[in-house]
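Asker: Since the structure of chain A is provided, determine the placement of chain B on it from the hints.
Protein chains in written order, with the numbering used here: chain A, 1 to 276; chain B, 1 to 575.
Per the computed footprint, the stretches of chain B lying under chain A, defined by three or more beta-carbons under 8 Å from a beta-carbon of chain A, are: (1) 480-487; (2) 502-509; (3) 546-555.
Label-pair distances were calculated between CB atoms; the ranges are: (4) B:A112 x A:G68: 38 to 46 Å; (5) B:S375 x A:N187: 50 to 58 Å; (6) B:T476 x A:N187: 17 to 25 Å; (7) B:D115 x A:T10: 32 to 40 Å; (8) B:R439 x A:S32: 45 to 53 Å; (9) A:G68 x B:H491: 46 to 54 Å; (10) B:G379 x A:R58: 51 to 59 Å; (11) B:A376 x A:D240: 51 to 59 Å; (12) A:A120 x B:L400: 58 to 66 Å; (13) B:E438 x A:R224: 31 to 39 Å.
Bear in mind the hints are in silico, worked out from the structure with no lab data behind them.
Using N, Cα and C, we set each Cβ at its ideal position, and we do this for glycine too.
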Amino acid sequence: MSTLQYTDLTVRYGHGAGARLAVQGVDLTVASGGVHGLVGESGSGKSTLAAAAVGLVRPVAGTIRLDGVDIAGSSATARTARRRVQLIFQDPFSALDPRMPVGASIAEAMRARGRRPTRAEKTRRVGELLRRVHLDPARAGDLPAAFSGGQRQRVTIARALAAEPDVIIADEITSALDVSVQGVVLNLLRELRAELDLTILFISHNLAVVRYVCDTVSVMRHGRIVESGDTDGVLSMPRDPYTRELVAAVPVMGERFDQRFDQRFDQRFDWGEESQ
Amino acid sequence: MRSGFRQRLLSPQGIVTVVALCVLLLAVVFAPIVWGPAAALTAVADRGQGPSGAHPFGTDDLGRDVLARVLVATRLSVLLALGSTTIAIVGGTTLGVVATVLPRPVRRMVTALIDILLSFPWLLLTLFFSVIWGASASGAMLAVGFADVPTVARLTYTLASSVTGRDYVRAARIVGVGHAGVIVRHVLPNILPPLLVNTAAHASAALLSFAGLSFLGLGVQAPEFDWGRLLREGVARIYVNPMVALGPGIAIVLTGLILNSIGSLTGETASSALPPPRARARRRPGAPERAGSAAVVEAADLRVSFPGPDGGLVERVRGVSLTIAPGETVGIVGASGSGKSVTAMAIAGLLPGEAHVGAETLRFQDIDMTSPPTSAERGRLGLELAVIFQDPLTSLNPSLTIERQLTEVSEVHDGVPRKEARRRARDVLESVGITEPERRARQYPHELSGGMRQRAMLGMGLMGRPRLIIADEPTTALDVTVQRQVLRVLHEARRRTGSAILFISHDIALVSGFCDRVLVMKDGEIVEELAASGLAQAAHPYTRALVACVPHMTTDRSRPLPVIGDGDVAEEARA
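One chain only, chain A, in its complex shape (with noise of 0.2 Å):
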């Protein structure tokens, strides 16, 4: 159980007239044994906010603290506090190293907490995690090249798990998956949440799996956040005019689209307000 906290977190990518600020003084706390949902358009500063708590980019302002310790700085300390923060990527074809075999992958993760562990018990416990998100131990020589993009996410899900992470951020993991798959995908993450007491950050720009999925959510626009809150509240009583933008432009099933243009979108509409 952990709490990961983010206050006034700066990111800028670039140097000098081309530098970009990709989050801005954003406070964000993923409270111990909950999801939090993150969701916004794509170049939002979600993901940078992921790469940032597990050290792929360094902010330029704020802390990132896990129980009140700093992972975001550059000391051993900081290093090695912040493996307890796994990171699943969005797509699982390029995380996972094609000519590695998967068990292999998964036991380079166990690493991250210091352990050398011996060959028996890499094996053990690669066939364990394997068992866990529900594929075959005895498949964990084969390459990623032998499994579909589902069972590649759960290798990678397994990954993740064997750092025996606190916090595990989910990177719009089901958006490379077909709408089939995407569901064996989040009940696991469901299952697992409910069974190791996984503090989760949830990343994504599909409003209804983020409803599904998570407890509290936040909004991000322009690498600030809008509106957060309840997932329930948020979504039913949007007060911010972008997060009701999203909302509104859900597809439902069953509800033409015509109409809903005529009826609801038609004034506001902006042809050039998405932003590059």
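Answerer: Chain B alone, transformed into the frame defined by chain A:
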């Protein structure tokens, strides 16, 4: 990959290569022992002889047997080539791979140095190093080796950089794998195949370089001799006895061929034997030829197969029949691998060459798509059929402005003059909701956002007189708000032009709201066809499962999502 290597090894080329390699190795090991004395034996009486039974390649100035000397020189020539290749590959790989993990300022300096060295002609570098290390065999080996380091370093740096940017390397970093660990465990295994091919190519180039250096008198010095030195000695008498010079030449060419051949065996690019392609669709004989009907698209019993990994054919579309009426919006939904895109591409005649297409009827308007189109028909297809793909960044040409890509349609197929086409392009861009069309038209695809690119792509279709717009997952890569803008433009385009739309998506909620009629596909077959408004009351269990497995804004959060049992199986077909 491993079984592919074995397969290549057992191919005719593989067998010849292995046998030739064995012969070469035998020559390297044993030739100096067996023919050494003969190659050194001088016989003044026999000097300068032409080819004969005793001396098949003739003799040299001192009466030594040239064939024996060529064979004996194998060892030195091959070893020198391999030695310098080792220097180039080890040095270059180390430099290139280490450069990728250096801190940015140092990395910039190293890559700049590599680039500077690359700008010197290779021969100049070699000669420069030869001067430093002196005219000797080992000096030449070092010279040739070091002169090649920048080339190899540049290549490995590029290869390694593409690997270090991948998510699996990030994942390794996150769990605390250090630089050395990342290089050994992830980078090297993934750059090895292209590197092996390059090593082989380098070895044969090094062989040639040595021949060159020794020929110039810079390499191997007498009394030692390699093929280059033999060439040098022989070329003076090439008109008297051609074999004296040709002999070592043949040896160099053969060895170079062997080395290159090893390279192509280790490479992963060798293509497997496929049945001869017939890209165009075949109409099965006996099928009735229907007279021009009112439908925009008419397909009956459409079947598409692709060559599988084992050389056989895999049927991806199995007997699909569909018609699209003018102005109608038809959706196809299904999991990946269900054949929905393949069906659409077959209708558009855009399947790749290796696809085998068969159909009783396959027509767009009155154009029979089962036979290659005439040039008039091609022109009509260009104007009346528009296609929008999932990723506009790959389907728009990155090196042409938006305007150029739009005007091309009118200029090529419609014969509209450039100026008129330009004006029309601006109008079209405005009609798809692109603000400041004057400015945007002069921009390149990468300067536009994803939604704008997708609308520009649609604009390309609208430059003609579309009767059908095929939209293949046009909004999957886009955000929900942008998705809506694109769909709205599509909707607007249909209203204005009266074009029919074939809309492919895996998002069943989206399809239900956008289309008139929905076809549900599974494993290459249409399992159900129903009005979009009736999706919620679908009869087929697969359609119901497809509807149920997607969370929506009123899904019960306390229960796990229903799952399609064989979802992974269907997906496997694609993987």
